[in-house]
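J.: As they're listed, the protein sequences go chains A and B.
Each step along the first sequence adds one to the number in my numbering, with nothing skipped, and position 211 is 211.
Each step along the second sequence adds one to the number in my numbering, with nothing skipped, and position 109 is 109.
Just so you know, these hints were derived from the structure itself, not from any lab.
Keep in mind the model is a prediction, meaning the values are calculated, not measured.
Some hints could be false.
With beta-carbon atoms standing in for the labels, derived distance ranges [to be verified]:
id, chain 1, residue 1, chain 2, residue 2, range
1, A, Leu240, B, Asp38, 34 to 44 Å
2, B, Tyr64, A, Asp155, 56 to 66 Å
3, A, Ala48, B, Ala177, 23 to 33 Å
4, A, Phe30, B, Gly194, 36 to 46 Å
5, A, Phe30, B, Gly185, 31 to 41 Å
6, B, Val71, A, Met9, 17 to 27 Å
7, B, Asn81, A, Met40, 52 to 62 Å
8, B, Phe190, A, Glu67, 29 to 39 Å
Yeah, the Cβ is synthetic: ideal placement off N, Cα and C, and Gly gets one too.
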Amino acid sequence: MESGLFLAMLVLGGLGLVFGAGLAIASKIFYVQRDKRIEMIEAVLPGANCGACGAPGCSGFAEGVTEGKYSVGGCTAGGPDVAALVAEIMGTEAEASASMVAVVQCRGGRDKAAEAAVYSGIEDCRAAILVDNGPKACEYGCLGFGTCEAACPFDAIVMSGQGLPVVNEALCTGCGECVKACPRNIMALLPKDRQVFLGCVSPDFGKSVKSVCSVGCIGCGICANPKFVEDEKIVMDGKLPVIQYEKIGNGADELKNSIEKCPSGCFVIRGKVPTKPRKETADIES
Amino acid sequence: MEIKMLLIISVSAILVSNFVLHRFLGLCPYIGVSRQLDSAVGMGMAVVFVMSIASAVTWVVYRYFLEPTPVNLLARWLHVNPPDLTFLRTIAFILIIASLVQFVEMVIQKTSPGLYRSLGIYLPLITTNCAVLGVSILNIDQDYNFLQSLTNGFMSGIGFTLALVLMAGLREKLELANVPRAMRGAPIAFIMAGCMALAFLGFAGLKIG
């Protein structure tokens, strides 16, 4: 029996020794230079290989992040904490995006914009848009099914009661997942220090905008009028005004007059309650 | 006769005793890596690869080191009676499979970056997979010879791939379905896996003879 014990130890120890030595030698012979960040990211991931990110296991995700295939916040199981650590490891790229913030370029909630139809399919903007371009009367406005809310890895987007996404800027990391998810390009990234942007993307004529939405840009061009703003700080591109950030800097003060004159109150100043639309007056008809 | 036996083993491994849907082994990658069709195919190929190699190597080790037969190499080298070390098979097989997979991963990472990209990331996931250990132990339990073990390993891998790819295809469709909120994600996937297992139960009536 003692020889059996001895032989068992011999066999298992021998196998272990042979394989251990073999692997040690192989790791020298077949050494391949890898991106150091992959291992660092792998170390901060939960390591459960759950596959929720879509990658096959945590090492696959780590590799995908370094290649730009997955966003730094792609680890669903890890949540915001892991996302922050991964972003730190990825360094420069994350920093670049950290200086951006997501903005909602539509203000036409259910109380302001008309619906053309009742939609009762999948609660997802990308699905809703397949059915005759979505239920909203405005062809360009936010559909409000919260696809961006679901896409946000940091829980920074919440749908308001009126069916418009609201960005919590304290949580937003500027990763751009909502921009990718939105089928109507309502979500956009704005450099964090810029204060003002246009809250409408509709390039339609005033009348058709007015008929479907009370806060849409009607393209009157009053904001670009030299009477209110000098030096072409706002120029019209078709029916939409374009703010020339390089001329106004980041603040909103230089556009004060234009913002006040806008009949629909389309300019949104970040962090403030959007300006209220003024009563319609005759002198702004384009 | 041998060919017929191999055929029976193949059909049995792929359909009748499918590793995932009949033996319920390897369920972790079955749920985890079935979200996208292309990852499912990659994972399946890696499993086929590892199962084949593991079947071959574990069979050799079992036959020549652990089993008390006249061909036992220990008995020959040390001039003792062939010892019965079959109780070591589980730990020995785990050791063999894990080292083997690590080794293969290193080799293909160096020699074939293309193959590594398609298989490499899945390999570490399989090192201690129960399906791979399962196929090695089944080969021994069924008293297969070397060729039969190899066939069983390869075909079991194919069966695993079949189940995984079917599942991935279904889950891609499921992404668009209007699933009740509480059932989204893993719950509906488990229910679907159960339905698939029921469907594969139909193959149990298959008679080859």
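J.: Taking the hints in turn, state whether each one holds.
T.: Hint by hint, here is what the structure shows:
no.: 1; hint: A:Leu240 - B:Asp38: 34 to 44 Å; result: holds (40 Å)
no.: 2; hint: B:Tyr64 - A:Asp155: 56 to 66 Å; result: holds (58 Å)
no.: 3; hint: A:Ala48 - B:Ala177: 23 to 33 Å; result: holds (26 Å)
no.: 4; hint: A:Phe30 - B:Gly194: 36 to 46 Å; result: holds (42 Å)
no.: 5; hint: A:Phe30 - B:Gly185: 31 to 41 Å; result: holds (39 Å)
no.: 6; hint: B:Val71 - A:Met9: 17 to 27 Å; result: holds (22 Å)
no.: 7; hint: B:Asn81 - A:Met40: 52 to 62 Å; result: holds (54 Å)
no.: 8; hint: B:Phe190 - A:Glu67: 29 to 39 Å; result: holds (32 Å)
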